[in-house]
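Engineer: The lines below spell out each chain.
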Amino acid sequence: MQNISMRRLLAGAALTILPFGAMAADLEVTHWWTSGGEAAAVQELARIFEEQTGHSWVDGAIAGSGSTARPIMVSRIIGGDPMGATQFNHGLQAQELVEAGLMQDLTEVAEANGWRDSINPVSLLDACTFEGRVYCAPLNIHSPQWMWTSLAAFEKAGVEPATNWEELKAAAPALREAGILPLAQGMQGWQTALLLYAMISGIGGADFYNQVFAERNEDALNSDTLKNIFAEYAIARDLASGGNLSDWNMATNRIIEGTAAAQVMGDWAQGEFALAGKTAGTDYGCHIGLGGEPVIATGGDAIYFPVNDDEAMTEAQRALAQVILSEEAQVAFNAAKGSLPVRGDIDLAEVNECTQAGLETLKAGNTIPTIDLVMSSDSRGQIEDLTAEFFGSSLGAEDAHARFVQIVQSEM
Amino acid sequence: MAHSGPPIRLFQNWPAKLAATPMILTALVVFIGCSLWTVVYSFTNSRLLPRLDFVGLAQYERLWSTPRWQVSIENLAIYGVLSLVLTLAIGFLLAVLLDQKIRFEDGFRTIILFPYALSFIVTGVVWQWILNPDFGLQHIIRGMGFSGFTFDPLNNPDLVILALLAAGIWQGAGLTTVIMLAGLRGIDEDVWKASRVDGIPAWKTYLFIILPMMKPVFATCIVLISAGIIKLYDLVVALTRGGPGIASEVPAKYVYDYMFGNQNLGQGFAASTMMLAAVLAIIVPFAIFRMGRKRHV
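Chains as they are written, first to last, in our numbering: chain A, 110 to 521; chain B, 81 to 377.
Hints may contain errors.
Distance ranges between label pairs, derived from CB positions [unchecked claim]: (1) S145(B) - I181(A): 49 to 59 Å; (2) A385(A) - V317(B): 52 to 62 Å; (3) S144(A) - S115(B): 36 to 46 Å; (4) L132(B) - T388(A): 36 to 46 Å; (5) N212(B) - A340(A): 31 to 41 Å; (6) S144(A) - R183(B): 24 to 34 Å.
Below, a list of computed lysine to any residue pairs in the SDA-like style, where the Cα atoms sit at most 25 Å apart [as the list claims (entries may be wrong)]: (7) K311(B) - K265(A); (8) K265(A) - D214(B); (9) K311(B) - L108(B).
Coverage of chain B stretches by chain A, computed from C-beta distances (three or more under 8 Å per stretch; other residues unrestricted) [unchecked claim]: (10) 124-136; (11) 317-329; (12) 341-348.
Keep in mind that the hints were calculated from the coordinates and are not lab data.
Given the structure is predicted, the values throughout are model-derived calculations rather than measurements.
C-beta atoms are modelled at their ideal positions from N, C-alpha and C, and glycine is treated no differently.
Throw the hints in and build the complete structure from the sequences for me.
Structural biologist: Here it is as structure tokens:
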């Protein structure tokens with residue numbers, strides 16, 4: 110027994126850059142994973158971290174969504190009361206904190222463990238990299254470009270289940286006739302914006318999406334393609350009218366009940382289907398990019414480590430960064446959460462057809478950057494306000510398009 | 081002022097002044113100091129962290145061209161005027177009714193004041209249930225046989241402000257009632273006796289004699305209600321989250337969302353400076369008016 114633990118200790122010492130001599134530290138980790146599946150995933154990660162490193166995981170879950178939790182996290186870091194580690198989404202959310210030198214440099218850990226070779230797509234690591242140094246550990250991949258359909262709802266209306274946006278539009282009158290809401294859409298800004306982004310990538314395609322958001326190309330912004338997408342977006346508003354939904358899981362619930370036909374939502378919706386005991390393919394359908402161009406954005410979560418002056422704490426932070434990218438943690442965490450692993454060299458056993466489709470799209474390299482990667486929180490907030498206003502009023506598609514272009518062009 | 085004569089005025093009554101020092105410092109540093117800091121930084125392009133990179137009036141130009149801010153101001157104006165008038169009217173009416181030496185007055189007073197003991201968050205959630213079309217008011221009335229009845233203000237952009245108003249008044253009217261009742265009880269009995277001798281009907285006495293006598297009570301109520309209107313935020317978050325769409329957004333929510341959610345401090349500061357300006361525009365003339373009157377007396 111003593112032998113094994115001795116070997117473990119040596120292995121640990123060999124893996125970490127700093128000598129593994131200091132005391133075990135209590136590492137507080139803040140995050141907003143509070144739903145059933147998410148909490149289970151966090152427990153897996155905490156268990157592996159404690160087993161492998163001997164440090165302790167102090168859970169700092171903040172209830173509410175990211176928009177509730179992020180301000181609390183940021184103000185704690187800026188206010189000089191940093192936690193041991195914290196969740197942010199991949200992208201620009203924490204960039205200013207990195208620029209201000211408030212985040213731990215993980216370059217040595219990343220190089221020692223070959224992150225650049227194992228992380229797929231490598232853009233996730235680039236999102237963590239600032240001026241050649243690595244500042245965060247990517248944990249999982251979530252993609253928002255999915256259309257979920259209720260097969261029971263289409264059956265009740267006597268039409269073939271829609272597999273893409275055009276078919277959903279065609280089925281809409283029959284669905285309305287049967288008292289079924291064609292499109293379940295939560296009226297919160299981030300959800301209405303999610304639908305718009307999914308339409309831009311699904312109808313316009315990956316290149317078009319990049320031209321609009323990453324390059325902010327004037328021709329693309331004023332193209333007929335984008336005008337047409339806004340016209341389709343106005344149709345989506347008609348299909349969703351009468352739904353009176355606000356939270357996304359309430360909308361997902363309408364799909365589960367079969368009282369609504371389709372919802373455009375991220376792959377986290379699968380957690381709700383799983384909790385309700387529904388099976389992909391027989392109860393619900395999933396269509397990447399609204400059944401149009403099958404591209405997914407590789408968003409998700411990354412863990413950042415605020416700078417602190419306690420050496421034991423710093424060591425624990427490096428140890429956690431290493432655990433996050435370990436095969437064991439990647440498999441256990443992502444299987445529980447329903448997200449995709451960030452490493453291209455491991456396989457998730459027994460995934461359902463929707464997750465499989467996501468993995469294949471990822472393997473094929475059909476990816477686009479998430480909106481967090483290409484737009485600042487400020488511009489994103491304005492787009493969310495615009496889309497929320499659009500859905501809650503009778504604002505014309507042309508006016509919405511004009512204002513959208515203005516917001517994107519004013520991005521610094 | 082001669083130094084050898086009376087003691088220096090600064091040191092007169094010094095224990096009281098010493099005791100007031102912490103409050104004076106708090107007011108200077110926290111209220112005035114931080115307000116000035118906010119105003120200065122509203123002219124910069126600070127994003128997540130405050131930065132002294134001046135951009136002139138750009139934040140204000142953007143603020144006033146943003147539809148969401150315009151909707152917020154409009155909502156606050158509608159909510160403010162209606163809430164002020166209705167709270168005062170309902171408060172006074174309830175106070176008059178309670179003043180009729182009725183039985184169980186204590187009980188009624190408690191019931192009327194009770195909503196005030198609830199936070200806005202609880203109030204918001206309670207009204208969300210009441211107004212929910214699937215199991216609230218609409219459901220109950222439809223269950224009574226009126227199947228065509230539709231009442232769904234939370235999902236109607238035109239009516240949602242009325243839902244906010246109903247919840248706000250439900251919560252706030254109790255306090256106004258109690259203050260007004262105290263005011264009514266402070267009226268000299270002789271006034272009533274005189275009006276009765278003259279044969280003036282009770283409603284006329286209330287309207288033309290008692291009401292003008294209660295000016296200070298009304299002033300107190302107006303200040304309390306106005307403060308509640310300007311800082312309206314938590315009720316909106318709990319009841320509607322600004323929706324449907326942006327139909328029930330208010331300025332305080334704009335400030336919070338831009339400062340923390342959208343990581344644009346400059347924009348949030350510009351919006352909060354506008355709120356400060358609005359408050360000052362009401363308070364400064366009022367204060368000058370009060371001070372001017374005192375001097376004449």
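Engineer: So, for every hint listed, does it hold in this structure?
Structural biologist: Each hint, compared with the structure:
{"no.": "1", "hint": "S145(B) - I181(A): 49 to 59 Å", "in the structure": "violated (31 Å)"}
{"no.": "2", "hint": "A385(A) - V317(B): 52 to 62 Å", "in the structure": "violated (29 Å)"}
{"no.": "3", "hint": "S144(A) - S115(B): 36 to 46 Å", "in the structure": "holds (40 Å)"}
{"no.": "4", "hint": "L132(B) - T388(A): 36 to 46 Å", "in the structure": "violated (58 Å)"}
{"no.": "5", "hint": "N212(B) - A340(A): 31 to 41 Å", "in the structure": "holds (33 Å)"}
{"no.": "6", "hint": "S144(A) - R183(B): 24 to 34 Å", "in the structure": "violated (52 Å)"}
{"no.": "7", "hint": "K311(B) - K265(A)", "in the structure": "violated (49 Å)"}
{"no.": "8", "hint": "K265(A) - D214(B)", "in the structure": "holds (22 Å)"}
{"no.": "9", "hint": "K311(B) - L108(B)", "in the structure": "holds (21 Å)"}
{"no.": "10", "hint": "124-136", "in the structure": "holds (count 3)"}
{"no.": "11", "hint": "317-329", "in the structure": "holds (count 7)"}
{"no.": "12", "hint": "341-348", "in the structure": "holds (count 5)"}
The structure does not agree with the numbered hints 1, 2, 4, 6 and 7 stated previously, though it agrees with the rest.
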